[in-house]
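The listed protein sequences correspond, in order, to chains A, B and C. The numbering of the first sequence is the numbering used here, which starts it at 1 and goes up by one. The numbering of the second sequence is the numbering used here, which starts it at 75 and goes up by one. The numbering of the third sequence is the numbering used here, which starts it at 210 and goes up by one.
Hint data in this document are derived by calculation from the structure and do not stem from the laboratory. Take the hints with a grain of salt, since some may be wrong.
[What the hints assert, rightly or not] Heads up, simulated DSSO-like pairs for lysine-lysine below, C-alpha to C-alpha not over 30 angstroms straight-line:
(1) Lys-359/C - Lys-105/B
(2) Lys-83/B - Lys-229/C
(3) Lys-12/A - Lys-443/C
(4) Lys-415/C - Lys-12/A
(5) Lys-229/C - Lys-105/B
(6) Lys-356/C - Lys-83/B
(7) Lys-55/A - Lys-482/C
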Amino acid sequence: MTASIRLSDSLKNLLGSEGLFTIEAGHSVREAIVSLGINPDLVAVVSVGDEMQSKDYLIQEGDTVRLLAVIGGG
Amino acid sequence: MRLYVDSTKCSGCNACRVACSLNLFDENNPKKSALVIEPHFPSPGMYTVKVCTQCGDCAKVCPTEAIKQDEKGAYYVDFAECNLCEACVPECPEGVMFIRAELADTAWKCNLCGDCVNVCGTSALWIAEIETATA
Amino acid sequence: MNGYAGKILRVNLTTGTFTKEPTPADVARDFIGGRGFGIYFLLKEVPKGADPLGPENKLIISSGPISGMMIPGGGKCDWTTKAPLTGGYAGASMGGHFTAEMRYAGLDSIILEGISPKPVYLFIDNDRIELRDASGLWGKATFEVEKQFKEKLGEEYQIATIGPGGENMVSYACINHDYGRQAGRGGVGAVMGSKKVKAIVLHGTKSIPVADMQAYRKAGMALYKACKDAEGLKEWIRYGTTTVVDWCNQVGALPTRNFSAGSFEGAEGIYGKTMREKIVITDKGCFGCPSPCGKYSRSKKYNSYVEGPEYETIGLMGSNLGIDDIEVVAQANLLCDDLGIDTISAGNSIGWAMECYQKGIFTKKDTDGLDLKFGNVEAIFTLIGKIARKEGFGVLLGEGVKRASKKIGQGTEKFAIHVKGMEQSAYATHNATAMLLAYMTCDVGAHHNRSWAITYDLQVGRDLVVPEKVARVIWLQNFRPMFDVIGGCRLQWVELSIDRDLYVPALEAITGIHRSWEDLEKVGDRIWNMTRMFWARENDGFGREWDLPPARFYEDAPTTGATKGQITKLEDVNRLLDMYYEQRGWDSNGLPTLETIENLGLEAVVA
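Please work from the sequences and hints to get the whole structure.
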């Protein structure tokens with residue numbers, strides 16, 4: 001019952017962190033972000049498959065959840 | 075091998091055409107590239123991209139045999155042997171055989187260098203084996 | 210000269226004559242191009258006190274050394290002038306394919322001078338340059354003008370044109386290109402209109418010389434590879450700048466009902482996801498861009514096509530006006546583009562008028578009978594037309610919120626959301642002190658693109674007022690505009706997070722001059738100080754007062770949303786300015802000291 005979380009290069013650089021994590025499925029993205037010690041406000045985009053999701057999305061087994069930061073704006 | 079394109083993925087940026095002119099002529103000049111991007115705006119709002127299929131029809135009609143085939147199977151123009159007769163241009167079914175005498179004293183076409191693929195951020199272009207037509 | 214097309218074209222519209230001069234090597238060395246060329250020529254050539262809409266003002270259009278090259282995002286074009294909107298410096302950046310074509314025609318800059326006695330358009334095909342009669346085009350909207358030129362001349366031509374907004378010299382009129390790219394801010398379109406230039410039509414087939422061809426091709430390819438390999442490219446291409454709508458709403462940065470709040474209850478209707486699903490039909494990139502943020506949309510409801518909307522337009526024409534329907538935003542976007550007015554200033558001005566109406570300061574008697582409630586779609590569409598055509602109530606709103614609120618009084622200045630007369634773009638800054646400071650000190654007025662620091666606010670603590678935040682804003686102001694100087698786009702660095710050092714060998718191979726980012730930031734610092742000197746030269750009493758934000762951000766806390774009850778204290782606003790001036794080497798009134806001017810080697814330039 002695991003899923004993976006991948007951070008965008010922008011978020012990796014912002015946090016100075018690794019880019020790939022394996023997590024337990026069944027939690028919300030927000031819970032997963034907090035459990036990784038990331039400030040949820042710094043995550044601008046949550047993407048699963050081809051679609052943007054909210055941080056309340058429940059992570060399913062086998063999902064690859066991609067997280068993006070916005071460091072520069074327009 | 076040949077170049078393929080999915081026009082629906084093209085964003086019209088023209089990076090491919092600059093890369094192409096750099097490969098063919100060592101120049102930053104998309105007017106001297108071997109790809110065509112046709113924008114259709116404001117409606118219906120899409121791009122059509124034309125690329126060489128390596129069909130070889132141009133080579134068949136070249137009187138000076140300036141259009142040759144390399145080891146990858148790609149047809150290319152040997153600039154030194156082209157006499158600008160223009161026989162090749164109307165033969166090209168895709169409209170990607172070029173002569174613009176004001177820009178170059180040779181015909182030019184895609185030589186399958188692959189630089190266009192390398193700069194395309196939307197993956198609209200790729201190189202693959204030529205698919206044989208199925209009846 | 211390697212890396213340069215080689216010539217600067219001056220068009221004297223009063224006499225109808227042209228001169229071409231070699232691009233000066235010393236100016237290229239010291240100011241590189243783009244915005245650097247713009248402020249250099251503006252300070253040197255436009256006399257003190259020139260009327261922005263008079264013959265002494267100039268419109269300076271510049272490329273940079275990566276424009277038109279095999280470098281990601283090499284399609285940015287800078288339009289510098291004395292701004293009709295603010296009376297200060299304007300440097301508007303436009304994407305698309307115009308600047309590349311300018312360089313292929315052999316031109317690094319085009320400088321429009323004087324005023325034509327009749328409407329004209331500037332036609333350039335390599336060395337053939339003509340001013341042609343545009344009386345048949347005058348009055349026409351931008352899409353029709355561009356379409357006519359493309360049908361007549363072919364798709365290889367690139368067009369920049371004004372609409373009725375520019376012709377009527379609306380103070381925030383824009384210049385349109387490629388059916389949806391704009392030089393948007395400060396009223397550059399009004400300056401073009403004042404000069405009676407309807408359009409610039411360009412075609413070129415020349416090549417651009419480089420110092421080291423093999424090194425350039427290698428460095429260019431390395432940049433494209435970095436972009437293509439970046440984690441996040443896929444999402445960025447799918448949503449472009451609209452990726453942030455949802456997030457801005459969550460963190461209270463989405464301007465809502467004239468910036469009275471930072472979260473909007475109807476935001477889901479204008480999210481990037483909603484837009485992609487409902488209206489986007491293709492990605493539309495600027496020149497050489499591997500990560501196109503441009504989305505091209507079709508609205509079924511209005512049976513119309515438009516490039517965008519971008520985030521800024523969604524904020525200002527959407528939530529800021531109480532609009533929760535992306536198709537309405539798209540249609541408002543189309544009307545503004547077609548008529549040639551800036552969506553940011555227009556949305557902000559309409560928001561101010563709606564708040565005046567809500568407070569009873571305006572009634573239907575003032576608004577030509579329009580029911581100016583937040584969310585009234587038809588009123589918004591009608592007002593856009595009135596502003597661009599300078600009709601009725603639109604005349605007042607076309608002046609921008611600073612002048613309009615001064616005329617109306619009654620406390621409306623307090624919710625006129627601008628700095629230095631430029632309407633604030635789409636980030637609410639009730640409680641984000643670095644971003645607030647970025648708006649306060651931006652060199653054109655309240656615009657986001659020089660320094661963008663909201664994520665930094667969230668990272669270190671949004672209400673903190675510390676020297677580190679100020680240093681961050683200054684670093685961004687020196688660094689980010691350098692992309693506008695070299696003629697490229699900052700978004701590959703900004704959003705894909707590619708290593709900025711990859712640009713260094715590319716720029717060196719193109720120009721033959723090695724410049725580290727530290728060197729480039731020094732140029733950025735000089736340019737920043739030059740724009741400041743321009744403001745001071747052109748405006749009596751210019752100083753600290755001009756850097757203050759709208760009172761709303763220190764007096765008027767939101768009553769709803771993520772920033773409910775949150776506000777920046779006026780004393781913190783002043784502390785931010787004190788620290789900023791000190792770190793910049795400016796005096797307590799915000800003017801560069803003699804020592805700073807000398808350290809930057811600017812004595813001659815500002816004398």
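Enumerated hints in conflict with the structure, sorted upward: 2, 4
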